[in-house]
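**Student:** Read off the chains here:
Number of protein chains: 2
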Amino acid sequence: MNDVIGGEGDQTSQLSDEELSRLAHDLKTPLAMIVGYAELLDTRDDEEIRREAPQLIMQAAERLSSALDQLLESLEAEAAETGSSNQNVEP
Amino acid sequence: MNDVIGGEGDQTSQLSDEELSRLAHDLKTPLAMIVGYAELLDTRDDEEIRREAPQLIMQAAERLSSALDQLLESLEAEAAETGSSNQNVEP
Numbered sequence: 039m040n041d042v043i044g045g046e047g048d049q050t051s052q053l054s055d056e057e058l059s060r061l062a063h064d065l066k067t068p069l070a071m072i073v074g075y076a077e078l079l080d081t082r083d084d085e086e087i088r089r090e091a092p093q094l095i096m097q098a099a100e101r102l103s104s105a106l107d108q109l110l111e112s113l114e115a116e117a118a119e120t121g122s123s124n125q126n127v128e129p
Numbered sequence: 039m040n041d042v043i044g045g046e047g048d049q050t051s052q053l054s055d056e057e058l059s060r061l062a063h064d065l066k067t068p069l070a071m072i073v074g075y076a077e078l079l080d081t082r083d084d085e086e087i088r089r090e091a092p093q094l095i096m097q098a099a100e101r102l103s104s105a106l107d108q109l110l111e112s113l114e115a116e117a118a119e120t121g122s123s124n125q126n127v128e129p
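Chains as they are written, first to last, in this note's numbering: chain A, 39 to 129; chain B, 39 to 129.
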């Protein structure tokens, strides 16, 4: 898994616009896949879909989960940091 | 949907620990439900599960999606704010 957050230096682990849009992509892509497979399961009575879609949903959920964990860790770190020393970053 | 983020005042839309853990909960609960239903679909050959689980997955995905949108909007707002005026919050 690539390091989405706080790559360049340690400036308050603030997310850049670029990091944010990559993050949004990393979270929304697997979610869209989950919805797509669930819709297939809901609308089609197909043996292959029934066999494969649940596993594909689980794989997408795992991707989403790890992107989410990464984001939440970064937000926790940021909260801890700015909570204790908000204006003391650098003049 | 309740306002998870930035409820109290406008201090840099920084997330508090409490908001963070509520947020984590709002994101992880539907994700865990998605995984649970997908596992049921994967392991059980049951008519009722086959009929209901896909819709429950879509409902959970929708909850997750709106929690996610809320979070991303807040992060974008925060990035815009601190990006333009990082150390100028208040002395």
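Since the hints were made in silico from the structure, they are not lab data. Possibly wrong hints are sitting among the right ones.
Calculated pairs, EDC-like style, for lysine to aspartate or glutamate (alpha carbon to alpha carbon, straight line, at most 16 Å) [claimed, not checked]:
| no. | chain 1 | residue 1 | chain 2 | residue 2 |
| --- | --- | --- | --- | --- |
| 1 | A | K66 | B | D107 |
| 2 | A | K66 | A | E100 |
| 3 | B | K66 | A | E111 |
| 4 | A | K66 | B | E100 |
| 5 | A | K66 | A | E119 |
| 6 | B | K66 | B | E119 |
| 7 | B | K66 | B | E114 |
| 8 | B | K66 | A | D84 |
| 9 | B | K66 | A | D107 |
| 10 | A | K66 | B | E111 |
**Student:** Does the structure break any of the earlier hints, and which numbers would those be?
**Tutor:** Hints 5, 6, 7 and 8 contradicted; others consistent.
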